[in-house]
Amino acid sequence: MINQNPLTLLTPVRVDRFEKLNEILEKFKVGLNHNLNEKFNQLGTLHYARWFILQESSFRDKTAFTVPVRLVFSSNFDGDEEEHAKGLVTVFPEYFDELYECCEGYPESEKRNTESRKNYLMKWRVPTTAFYPGAPGRSLKQIKQEDELKNFICNFIKQNNWNGAPAVEIQRNIRNEVDKHPEFEWSKKRVPTSKIKWPAMIITGIVLIILSPIIVVWLLILHFFHERRDKNSVVKRSDLNDNLVRRLEAYEDLFNQNQFTQVLVVKPGKIRLITLHAFMIFTRVLVRNLFVRGKLMGIPTIHFARWVLIDHNKHMMFFSNYDGSWQQYLGDFIDKSGWGLTAIFSNTMVFPKTRFLLTGGAYDEEHFLAWSRGTQVLTQVWYSAYHHLSIKNIINNTLIRNELRRNLSEKQAQIFLKRL
Amino acid sequence: MQQLELSQIQGFLVRDNKGWPFAKYFFLKITDANRARDFIKKTTQKITPVSSEVEEKFLNIGFTSLGLRALGLSEKNLQTFSREFREGMVTPHRQRLLGDQDSNDPQNWKWGGPLNEAIHLLIMIFEKDEETLNDRTQQIRTEWEQFGLNEILFLDAPSFPEGREHFGFRESISQPVIIGSGATGIKNDHIEPGEFIMGYKNEYGVYPDSPMLKEFQGNADLLLADAAGTENKDLGRNGTYFVLRQLKEDVDGFWNLLNEKSKNEDGSLNVEESTKIAAKMMGRWPGGAPLVKFPDKDPGGSSDDNDFNYIETDKLGMKCPFGSHIRRTNPRDNFEETGPSKSLKLTRKHRIMRRVRSYGENFTASATDHTPKEEVGILFGCFVADISRQFEFIQYTWANYPKFKQLYSDPDPFIGVRENPPDGIEQQFTIPQETANKYVTGLKNFVTVKGGAYFFFPSVNVVEYLSTIS
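In order, the protein sequences belong to chains A and B.
Add 803 to the 1-based position in the first sequence for this note's numbering, that's all there is to it.
Add 5 to the 1-based position in the second sequence for this note's numbering, that's all there is to it.
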């Protein structure tokens, strides 16, 4: 199993190059529909990437202090971070040069080489606070290979008449057919899939029980001294700035996948910060042990999600890559994980009214949807290595690969065939 | 239970008017706001509310956002309407969501598109006989002409012969029941009024986004206060949004494809198999009987049976395929992989009050008789309080999105197929079997959009209020 990792870079932009940078990003966005995509594909380890400019006006609420204009790069990739950064600047140095020349302190042209470019990028790396991969352990290569295998099997099924044949026999036939093709040699090796780690979850449960008196007191303090005094978001979708929403929508639903970038101001005070960090730790525990099978708190459409606290914990960014439309994605959040979402995001400024951290908030549908749109920022360049695959497809494809090699009972073989 | 003000709500929202076979939809344009408001004032008396069916009340009326502006509603007040309504059906993003591309492109529409004349008002008249309909038409037409409104277009909107749309399937069987409206239906279909009427709580237990009077205009005494408790006067209370789309059905193409896919080895027509594939695609037999209850054979006759779920009887989709039209657009207790009771709850947040009428030749197709002489289709209509979460969600996420549930490239076989799918993508319909699935490949787009618009159907009092703004 390979480790999928996130990388976030926050690079200060040269004031005199701000306009130029916007133009380059626009050029990249257009280019991604043409040959630039190919360049990214060449890396072979990059699942998703995005760039956008973060500045004071990106935040809906007043920032904790004046923030500089920064270029944000975010990627999801396989393997080692240093290798990834090196890969980026090796495959297309000219693009990175063009972009980062607009940023402060980029090496002079005579001093540029793979190492100096990589070092420059890594200098601006910010740590990830919590990270969720939808299909843990699957490299880009594996995802693409399993997609090809699934297509091959489906075509084989369609080309033959299986009338009356038992499922196990069909499975055997498929296996024999696959084995005739050396390009699927890799599929003979079963891959491990993530399983829920119950011992860790039980320990987590015990820890929570032990901590419960503290948690209860904490929630009471939070409720009476913070939530009741909070300024809440009562904006409805119809109150939002049309142009802002139209700008966001202009790049949505071009494929069956979309992205979401949100920037937020953390509420002041230690209580809020500790609560936020506690929930980030809880999220990390759950992501590692419980949400390992393609669902984040029951939501089956998220490829990657990431929370990044920046500016000495004063501001927060949230990134995700998801299947389907914005309305579906946000609706899923409300319906399936409203409490989790509320617990994290209610620690940021002007959220819909909450009660005891877990209720209200996201469940206040209209205000929550308006809050989500209102705090979203435009992702200027977005790359996905597999627009055509949903996270469910990816998870299912691995099951197909593994079950193809197993000796299945008739019943199991029937289930296997239904995956196709 | 929330008490509904039935004398204020326009009748078509609650009554399906199936028993009124004759109808006309008129699209009007305002040329003179002052006189148009006088017309609106006169018309207020003629609106049929849910609670009454008296002789002199015979029409329902809706406004586009262009219409509200033409009538004189200020920009500030107009701005409080939902963005979907304000922008209308035709925007680049909405076209992507709704699949209004290629032949469905609004550039080709007969009405509601960018090349068509602007629509301001929609007036609908339903009658039991043709003569009365003509009389009514005559009467009201004289009035709007007198008040300077231009008739852009009218559509004859009869009910369906035998209650079947032109592909051959019984229409509008499954409908939500608005709690408190007096309508009846199975328990799962009982939905909170705020899903369909503004000013009431919805399935989330909150009030839907309703337009408010932000700037003083007209006789505000006619307006009720915001139910959510703000100081504002509510323009939306007891009102709703109406989606109207004229959809041409290529019934000949549809049955030719299925007949071809199902033919016997000697090339002869296999009517039974062809009809069965069509039924699998719909999720019901042409007469309406649900596949979940009758998986193998059409029990015959007409059926309005709507009392079924999926999890217990058909978890694997072997009776009613996951990709079928009715299972996608109303997944009942099988919403994604969620458990049954939560599924039912989630499904209730994405329901629409369907109001579908026929257009074109009086024709019902089947595997053996599928060539009408003229164009045929449906006037798809639905009432919702949230256009985005209800109508647009169903059209995109459940119908057009080919990755519904575990599927890979299966759009809704009736309303979701793209004319020009992305390179390398073959659109298909998967029929789960005990062993190897069957696939209907090479799906084509047999439904073409010919026109469409979003309307606001205000309460009776708000219609009157609109006649007082200046």
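The hints are simulated quantities; they were obtained by calculation from the structure and are not laboratory data.
Careful: at least some of the hints might be erroneous.
Below, computed lysine to any residue pairings styled on SDA-like, alpha-carbon distance capped at 20 Å [said to hold, decoys possible]:
(1) B:K219 with A:L1043
(2) B:K219 with A:K1139
(3) B:K410 with A:R1049
(4) B:K410 with A:D1042
(5) A:K1039 with B:K46
(6) A:K1039 with B:A230
(7) B:K410 with A:M1100
(8) A:K1139 with B:E342
(9) B:K219 with A:V1037
(10) A:K1039 with B:E60
(11) B:K81 with A:I1198
(12) B:K320 with A:R1222
(13) A:K1221 with B:E80
(14) A:K947 with B:D428
(15) B:K443 with A:A968
(16) A:K1214 with B:T318
(17) A:K1039 with B:E80
(18) A:K961 with B:T318
(19) B:K350 with A:V971
(20) A:K1156 with B:E208
(21) A:K1139 with B:T49
(22) B:K81 with A:K1221
(23) B:K443 with A:K1039
(24) B:K350 with A:N1199
(25) A:K832 with A:V894
(26) A:K961 with B:R353
(27) A:K1039 with B:E342
(28) B:K443 with A:N958
(29) B:K410 with A:Y1132
(30) A:K1139 with B:T48
(31) A:K1039 with B:Q438
(32) B:K443 with A:E972
(33) A:K1139 with B:R353
(34) B:K46 with B:E60
(35) B:K347 with A:K947
(36) B:K443 with A:K832
Residues from chain A that face chain B, not an exhaustive set, calculated with beta carbons under 8 Å [to be verified]:
(37) R817
(38) R820
(39) N1044
(40) Q1130
For every residue, glycine included, the Cβ atom is placed at its ideal position computed from N, Cα and C.
Here's how the hints hold up against the structure:
Restraint check for K219 of chain B and L1043 of chain A: satisfied, since their Cα atoms lie roughly 15 Å apart, inside the 20 Å limit. A C-alpha spacing of about 35 Å is found between K219 of chain B and K1139 of chain A, which places the hinted pair above 20 Å, so the restraint is violated. Our distance criterion of 20 Å between C-alpha atoms is broken by K410 of chain B and R1049 of chain A, whose separation comes to about 29 Å. Proposed proximity of K410 of chain B and D1042 of chain A is contradicted: the alpha carbons are some 34 Å apart, above 20 Å.
Distance restraint check for K1039 of chain A and K46 of chain B: the Cα-Cα separation of roughly 31 Å exceeds the 20 Å cut-off, and the hinted pair is therefore not satisfied. With a CA separation close to 17 Å, the supplied pair K1039 of chain A and A230 of chain B stays within the 20 Å bound. At most 20 Å may separate the alpha-carbon atoms for a hinted pair to count; K410 of chain B and M1100 of chain A meet this at roughly 17 Å. Restraint check for K1139 of chain A and E342 of chain B: the C-alpha separation of about 12 Å stays at or below 20 Å, so the hint holds.
Note on K219 of chain B and V1037 of chain A: the hinted pairing holds, with a Cα-Cα distance of about 15 Å set against a maximum of 20 Å. Using a Cα cut-off of 20 Å, the hinted pair K1039 of chain A and E60 of chain B is violated, with the two alpha carbons roughly 41 Å apart. Distance check on the hinted pair: K81 of chain B and I1198 of chain A sit about 49 Å apart at the alpha-carbon level, beyond 20 Å; violated. As the CA atoms of K320 of chain B and R1222 of chain A are separated by approximately 14 Å, the hinted pair is consistent with the 20 Å bound.
Of the supplied pair hints, the one linking K1221 of chain A and E80 of chain B is violated, its CA atoms being roughly 54 Å apart against a limit of 20 Å. For the suggested pair K947 of chain A and D428 of chain B, the alpha carbons sit about 17 Å apart, so the restraint of at most 20 Å is met. The hinted pair formed by K443 of chain B and A968 of chain A meets the criterion: a straight-line CA distance of about 13 Å does not exceed 20 Å. Restraint check: the Cα-Cα separation between K1214 of chain A and T318 of chain B comes to about 18 Å, which is no more than 20 Å; the hinted pair holds.
Under the criterion of a C-alpha separation no larger than 20 Å, the hint pairing K1039 of chain A with E80 of chain B is consistent with the structure, at around 17 Å. A distance of roughly 27 Å separates the Cα atoms of K961 of chain A and T318 of chain B; the hinted pair therefore is violated under the 20 Å criterion. A C-alpha spacing of about 38 Å is found between K350 of chain B and V971 of chain A, which places the hinted pair above 20 Å, so the restraint is violated. Our distance criterion of 20 Å between C-alpha atoms is met by K1156 of chain A and E208 of chain B, whose separation comes to about 19 Å.
Restraint check for K1139 of chain A and T49 of chain B: the C-alpha separation of about 44 Å exceeds 20 Å, so the hint is violated. Taken as a hint, the K81 of chain B and K1221 of chain A pair is broken in the structure, with Cα atoms around 54 Å apart against an allowance of 20 Å. Between K443 of chain B and K1039 of chain A the alpha-carbon distance is near 46 Å, which puts this suggested pair outside the 20 Å criterion. For the proposed pair K350 of chain B and N1199 of chain A, the alpha carbon gap of about 27 Å is over 20 Å, so the pair is violated.
Proposed proximity of K832 of chain A and V894 of chain A is supported: the alpha carbons are some 18 Å apart, at most 20 Å. This hinted pair does not check out: K961 of chain A and R353 of chain B have alpha carbons roughly 37 Å apart, beyond 20 Å. In summary, the hint linking K1039 of chain A to E342 of chain B is not supported, as the alpha carbons are separated by about 30 Å, beyond the 20 Å threshold. Proximity of K443 of chain B to N958 of chain A is assessed by CA-CA distance (about 12 Å); at most 20 Å being required, the pair is judged to hold.
For the proposed pair K410 of chain B and Y1132 of chain A, the alpha carbon gap of about 14 Å is at most 20 Å, so the pair holds. This hinted pair does not check out: K1139 of chain A and T48 of chain B have alpha carbons roughly 46 Å apart, beyond 20 Å. Between K1039 of chain A and Q438 of chain B the alpha-carbon distance is near 47 Å, which puts this suggested pair outside the 20 Å criterion. Restraint check for K443 of chain B and E972 of chain A: satisfied, since their Cα atoms lie roughly 17 Å apart, inside the 20 Å limit.
Note on K1139 of chain A and R353 of chain B: the hinted pairing holds, with a Cα-Cα distance of about 14 Å set against a maximum of 20 Å. Proposed proximity of K46 of chain B and E60 of chain B is supported: the alpha carbons are some 18 Å apart, at most 20 Å. Distance hint between K347 of chain B and K947 of chain A is unfulfilled; the C-alpha atoms sit about 34 Å from each other, more than 20 Å. For the proposed pair K443 of chain B and K832 of chain A, the alpha carbon gap of about 40 Å is over 20 Å, so the pair is violated.
The beta carbon of R817 of chain A comes no nearer than 34 Å to any beta carbon in chain B, farther than 8 Å, and the hint placing it at the interface is violated. At its closest, the beta carbon of R820 of chain A sits 31 Å from a beta carbon of chain B; the interface hint therefore is violated under the 8 Å criterion. Hint status for N1044 of chain A: violated, given a least beta-carbon distance of 10 Å to chain B, over 8 Å. Because the beta carbon of Q1130 of chain A sits about 5 Å from the nearest beta carbon in chain B, less than 8 Å, this interface hint is met.
Checked against the numbered hints above, the structure breaks hints 2, 3, 4, 5, 10, 11, 13, 18, 19, 21, 22, 23, 24, 26, 27, 30, 31, 35, 36, 37, 38, 39 and satisfies the rest.
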